[in-house]
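Just so you know, the sequences run in chain order A and B.
Numbering-wise, the first sequence is residues 1 to 409 according to my numbering.
Numbering-wise, the second sequence is residues 1 to 409 according to my numbering.
These aren't lab readings, by the way, just hints derived from the structure by calculation.
Hints may be right or wrong, so weigh each one.
[Said to hold, decoys possible] Result set (DSS-like, lysine-lysine): computed pairs, CA atoms no more than 25 Å apart in a straight line: (1) 22/A - 136/A; (2) 87/A - 136/B; (3) 2/A - 151/B; (4) 3/B - 68/A; (5) 210/B - 267/B; (6) 2/A - 124/A; (7) 85/A - 124/B; (8) 22/B - 85/B; (9) 108/B - 47/A; (10) 159/B - 3/B; (11) 124/A - 267/B; (12) 68/A - 11/B; (13) 159/A - 267/B; (14) 287/B - 47/A; (15) 114/A - 22/B; (16) 2/B - 267/B; (17) 124/B - 114/B; (18) 124/B - 151/A; (19) 11/A - 68/B; (20) 87/A - 124/B; (21) 3/B - 68/B; (22) 3/A - 165/B; (23) 127/A - 85/B; (24) 165/B - 159/A; (25) 124/B - 159/A; (26) 124/B - 136/B; (27) 159/B - 68/A.
[Claimed, not checked] What the simulated footprint calls covered on chain A by chain B, stretch by stretch (three residues with Cβ under 8 Å from a Cβ of chain B suffice, anywhere in the stretch; the number is not a length): (28) 34-44; (29) 355-369; (30) 392-406.
Glycine residues also receive a C-beta, built at the ideal position from the N, C-alpha and C atoms.
2 protein chains.
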Amino acid sequence: MKKSVLRSYAKLIAQKGGNVQKGQDVIIRASLDQPEFVRMLTEECYKCGARYVRVEWSDLGVTRITQKRASLRALSATEEWEEAKYKHESETLPVTIWLESDDPDGLKGVDQAKMSKASQARYKVRKPYRDAMENKHQWCIAAVPGVEWAKKVFPNEKKNRAVEKLWEAILYTSRADGEDPIAAWDAHNKNLASRCDYLNSLGIDRLEYKASNGTDLTVGMIEDALFMGGDEATEGRGVIFNPNIPSEEVFISPKRGLATGVVHASKPLSYRGEVIDGFWLRFEEGKVVEAHAERGEALLREMIAMDEGASYLGECALVPDNSPISNSGILFYNTLFDENAACHLALGFGFTNTLRDYDRYTMEECHQKGINDSMIHVDFMIGTPDLSIVAVTRTGERIRIFENGNWAF
Amino acid sequence: MKKSVLRSYAKLIAQKGGNVQKGQDVIIRASLDQPEFVRMLTEECYKCGARYVRVEWSDLGVTRITQKRASLRALSATEEWEEAKYKHESETLPVTIWLESDDPDGLKGVDQAKMSKASQARYKVRKPYRDAMENKHQWCIAAVPGVEWAKKVFPNEKKNRAVEKLWEAILYTSRADGEDPIAAWDAHNKNLASRCDYLNSLGIDRLEYKASNGTDLTVGMIEDALFMGGDEATEGRGVIFNPNIPSEEVFISPKRGLATGVVHASKPLSYRGEVIDGFWLRFEEGKVVEAHAERGEALLREMIAMDEGASYLGECALVPDNSPISNSGILFYNTLFDENAACHLALGFGFTNTLRDYDRYTMEECHQKGINDSMIHVDFMIGTPDLSIVAVTRTGERIRIFENGNWAF
């Protein structure tokens, strides 16, 4: 991939994704796959005025060995210095950038129950610091190709060619392959905002999903929740940033307890380094009461049992079938992309900032209003070319907002 | 390189280098060059019974950008959580393994004065924790090839071939390419120990170095200091480990204040990612009073001025010209190897455990006895094929211990 193109992509992530402010710290979390790009991104963050950019490398191979060999007790421990680090981050509010590149199947075969228990134990210590940062700092998830991931997406290509093709696909779907990616994102953000404005004007009480694969699901909304999409603003300082690159979705957090019916996943899901495929869920009073998968069913159940909130919905996202990711025809086996190719739902925590005037409420009050709380947030795709969604308004009007997988307005 | 050979090398580092004990933590510090080997080493540490192995990756390219772009203030800061981490390590005493692979010239052009000031500031916070760990935990420095390093050592080879040749050179010089590297190291440790026994029986008052390049230096010894070589034991638990792989040296820490004369370096020195070459130093009353270099003179002066102890000697090491590293004929541009191909000295801190019964003294008392203290410890090579060393004993006897660059006994 040409250096100048990669440089533009690095700028996009630093300026639009993280919108790094003068004097702000940045943390970049990356695997070892694209060190040259990580260096570029580091430099672009400094050019935005970052005080200090910390790159935290990790390796899925080492994680795999660690999860296998270390005791549950060792994996569950949070050392004092780690908690001090969480505290430091919750106080200094660094921009956090994740560069995804890992093998979607790289942790296959790892003891998922052990891994869950360890995460649960560590999450208990981490949660107050995560809550303290929520909505208050910029963050961005973007992607770079790793060899194993590229080989999974393009199994018939040789390593180097597969990586090159995955770079092309990432840059195309991220609207980062043109002359001026930043201008492209300005236009894109504007478009998503106008979709939200329309939806928010309807006074939606519930969404009814239907597709020929058996999906027949009704999800209730919170009265003062708003659809969001594209860029967001941090609470307080109001710094605008794009949390996902790419992003095609318009989303909302539904009301906990108001989902009823069956929904079928339309794409495989890579969760914790392992693929779950061919699955469906049945909801009653908002909660998953039945779950089946052709592949990875045990892991699916593990996921839903992570904590109490893991079996409730945290997000309803609308993505037209006609989007760059969907049009690329590529199955990425990575949620950042696949979720933006199709309508999706998420199990786990909801987004408190989807509430109107959310900054006037405590976290507790947000949850009382119906925003779900959990340690997980896992998107899964439900969009199909024949998906229809009807919005039932609080005045009882039925408005078709999705038809044949695309916006009906 | 064959996987089985690399696996043996990983075992050697885990078992002989670090001698990881059951329930002990391990920290592996590595660059991004050989993730597959780092995974093997991680696994071998767990097989020894490690409680938790933490791999801390870093990248010289990112370091370069950070040193250039971040302010001196940001570079000098130690965050509370970092200090908590030092404290944790000083209390839990993990085995620490460094896997060197960086470009010896990878930080060339970086502002060395800024880098020194930042190190000095950070060292102040770190020092008490480093002191608290001294002699109490196992550590090991070993090497794996990085592409830039390999291209520097084998400039006429293509990348992949250069890396392959550097693997071969590392494994050969580390006595890790045979059937049973662990047995080879047992024999080697025994041989080095018998050299030490002989030297320690002489009652040496001072060493006189002479070579045709102009070297004419006398270095005084501490009365109850001992020559050491090969494996060492931790204080308290007495765990035997090999701090350097490879290691051919027999060494002692001289008495601060007793070096007089001139010494010429016989090989280039890579210090902080930049090469210093063609240099000589003049000592008076133990202190460097004159320093010249054909290349990197400013950096050499920076190094000597790091702190008060940086201009005094901390180590005298004897290495025969007839050793695997020297016989390989390769200039590695890496101290771990080059120091083991030739007699060398070190500027900066000495080793308190070279004192007989060192564990009965406080750090302060060790320094009063003449062990130098500093934040740096930089070896530089002085061995030549015509180097002679005479040991003058406390009874006035003159015993030739080195002749024509090799052991004279």
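Evaluation of the provided hints:
Restraint check for residue 22/A and residue 136/A: satisfied, since their Cα atoms lie roughly 16 Å apart, inside the 25 Å limit. This hinted pair does not check out: residue 87/A and residue 136/B have alpha carbons roughly 30 Å apart, beyond 25 Å. Distance restraint check for residue 2/A and residue 151/B: the Cα-Cα separation of roughly 24 Å lies within the 25 Å cut-off, and the hinted pair is therefore satisfied. With a C-alpha separation of about 21 Å, the suggested pairing of residue 3/B with residue 68/A holds against the 25 Å cut-off.
For the hint linking residue 210/B to residue 267/B, the alpha-carbon distance of about 16 Å falls within 25 Å, and the restraint holds. Annotation: proposed proximity of residue 2/A to residue 124/A is violated, straight-line Cα distance about 44 Å (limit 25 Å). Taken as a hint, the residue 85/A and residue 124/B pair is honoured in the structure, with Cα atoms around 20 Å apart against an allowance of 25 Å. Proposed proximity of residue 22/B and residue 85/B is supported: the alpha carbons are some 22 Å apart, at most 25 Å.
Only pairs whose Cα atoms come within 25 Å are accepted, and residue 108/B paired with residue 47/A is accepted, the gap being roughly 21 Å. Only pairs whose Cα atoms come within 25 Å are accepted, and residue 159/B paired with residue 3/B is accepted, the gap being roughly 20 Å. Under the criterion of a C-alpha separation no larger than 25 Å, the hint pairing residue 124/A with residue 267/B is inconsistent with the structure, at around 55 Å. The suggested pairing of residue 68/A with residue 11/B holds, with an alpha-carbon distance near 19 Å, which does not exceed 25 Å.
Our distance criterion of 25 Å between C-alpha atoms is broken by residue 159/A and residue 267/B, whose separation comes to about 41 Å. Pair hint residue 287/B plus residue 47/A does not hold up; C-alpha atoms about 43 Å apart against a cutoff of 25 Å. Note on residue 114/A and residue 22/B: the hinted pairing holds, with a Cα-Cα distance of about 21 Å set against a maximum of 25 Å. Of the supplied pair hints, the one linking residue 2/B and residue 267/B is violated, its CA atoms being roughly 32 Å apart against a limit of 25 Å.
The hinted pair formed by residue 124/B and residue 114/B meets the criterion: a straight-line CA distance of about 16 Å does not exceed 25 Å. Between the alpha carbons of residue 124/B and residue 151/A the distance comes to roughly 48 Å, so the proposed pair goes past 25 Å and is violated. Taking the CA atoms of residue 11/A and residue 68/B, the gap is about 19 Å. The hint holds against a cut of 25 Å. Note on residue 87/A and residue 124/B: the hinted pairing holds, with a Cα-Cα distance of about 23 Å set against a maximum of 25 Å.
Pair hint residue 3/B plus residue 68/B does not hold up; C-alpha atoms about 39 Å apart against a cutoff of 25 Å. With a C-alpha separation of about 30 Å, the suggested pair residue 3/A and residue 165/B falls outside the 25 Å cut-off, and the hint is violated. Among the hinted pairs, residue 127/A with residue 85/B is consistent with the structure: their alpha-carbon atoms are about 21 Å apart, no more than 25 Å. With a C-alpha separation of about 24 Å, the suggested pairing of residue 165/B with residue 159/A holds against the 25 Å cut-off.
The suggested pairing of residue 124/B with residue 159/A is violated, with an alpha-carbon distance near 47 Å, which exceeds 25 Å. Proposed proximity of residue 124/B and residue 136/B is supported: the alpha carbons are some 20 Å apart, at most 25 Å. For a cut-off of 25 Å, the pair hint linking residue 159/B to residue 68/A is broken: about 34 Å separates their Cα positions. Three residues within the 8 Å Cβ limit are the bar, and the region 34-44 of chain A against chain B gives 6, so the coverage statement holds.
Counting residues of the region 355-369 of chain A whose beta carbon lies closer than 8 Å to any beta carbon of chain B gives 0, which falls short of the minimum of three for the stated coverage. Counting residues of the region 392-406 of chain A whose C-beta lies closer than 8 Å to any C-beta of chain B gives 0; at least three are required, and the coverage claim is violated.
In this structure, the earlier hints numbered 2, 6, 11, 13, 14, 16, 18, 21, 22, 25, 27, 29, 30 are contradicted, and the remaining ones agree with it.
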